[in-house]
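Trainee: Spelled out from the first residue to the last, the chains are:
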Amino acid sequence: MKLLRMKPGHGEIVLVEGDVEVAEEERALIEAFRRELDAGMWAAVPTRRTDGRREAELVKSFAEVPRDAERVIFFPRAAGGAPGTAL
Amino acid sequence: MLLGLATAALVLSALVWVLAWPSLRARLLHARSHARAWRAELAHGPAGGGELDYDPGRERRAERRARALLRSCVNEREWAMYRDLGFLRVFGRSGVRYAYLVYPHKPIVAYVPRTGALLSEYCVAFPDHSRPYGSARLPDSDDVLAKWMALTADERGLIADANMHLPGRQVDPRRVRRDLARLADWEREREGAPADTRARQDGLGKWDPDNVRAA
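Sequence lines, in order, name chains A and U.
Number 87 marks the last residue of the first sequence (the numbering used here); no jumps.
Number 215 marks the last residue of the second sequence (the numbering used here); no jumps.
Everything labelled a hint here was simulated from the structure, so no lab data went into it.
Only true hints are included.
Here are the simulated lysine to aspartate or glutamate pairs, EDC-like style, with alpha carbons at most 20 Å apart:
#1 A/K60 / U/D161
#2 A/K60 / U/D154
#3 A/K2 / A/E70
On a predicted model such as this, the values are computed, not experimentally measured, just so you know.
Only chain A is shown next, with the shape it has when bound in the complex:
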């Protein structure tokens, strides 16, 4: 499993990568997960349904992340914004 974080001026970065079945690696994943949530990030797991539909699932704790998830993407929390200029 990879934990990725979107970053301005960079694109995504890999925060940590590990096997959830290996206790030590799982611990590292959990720690990084908590750190990002504490920093105010949202965490999403991209999923693919059997009908081919792609969507994402927002997770609030590492326990909610499916064990077979390949990656969790962290991105800044949404804020009501009003970007200036018209298209």
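For chain A, the structure is supplied; the task is to place chain U on it using the hints.
Mentor: Here is chain U on its own, set in the frame of chain A:
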């Protein structure tokens, strides 16, 4: 007489100068400190750290990574739509009655696919306050992906967080209508029928004629 007037004018201007000087001086000092703060912000970024100088190469690389990430998350059709048209269409959770156009760094536009009627704009941003390179702004494709993930995972939550406006507040309705026409053309070219009648070929399940009739 003339000498008297000149003397009076001189005295008057000296008096005005003496009276106005303290406030003038305060304004000058304020302007100087403001300029100093602005220069410091330019050099170090508003959050106090990071470089602010814009590096087009870095931004291009960031956008390339963001596009690859977006591509790996959405389905092939959605990716092709974004690649060819520059925006994504995401159907609402309740079916094909309404849909959203997701633009990079622009409000999400809700509309009715069957009629093309524009419903509203949802202003939402994903500012990264850590400002790693002096800017809180994600690359374009990351912004689209963030909106897509939030919409598909928690449509109601995202809409509740957004500032809702009538259509036309920030995104020109003529532009949106043009984009809807481009989308219809794109779909016709690609598959022979527009989405509102064929519906939900974006991997959103089977077409439900009741949904279309109800729209």
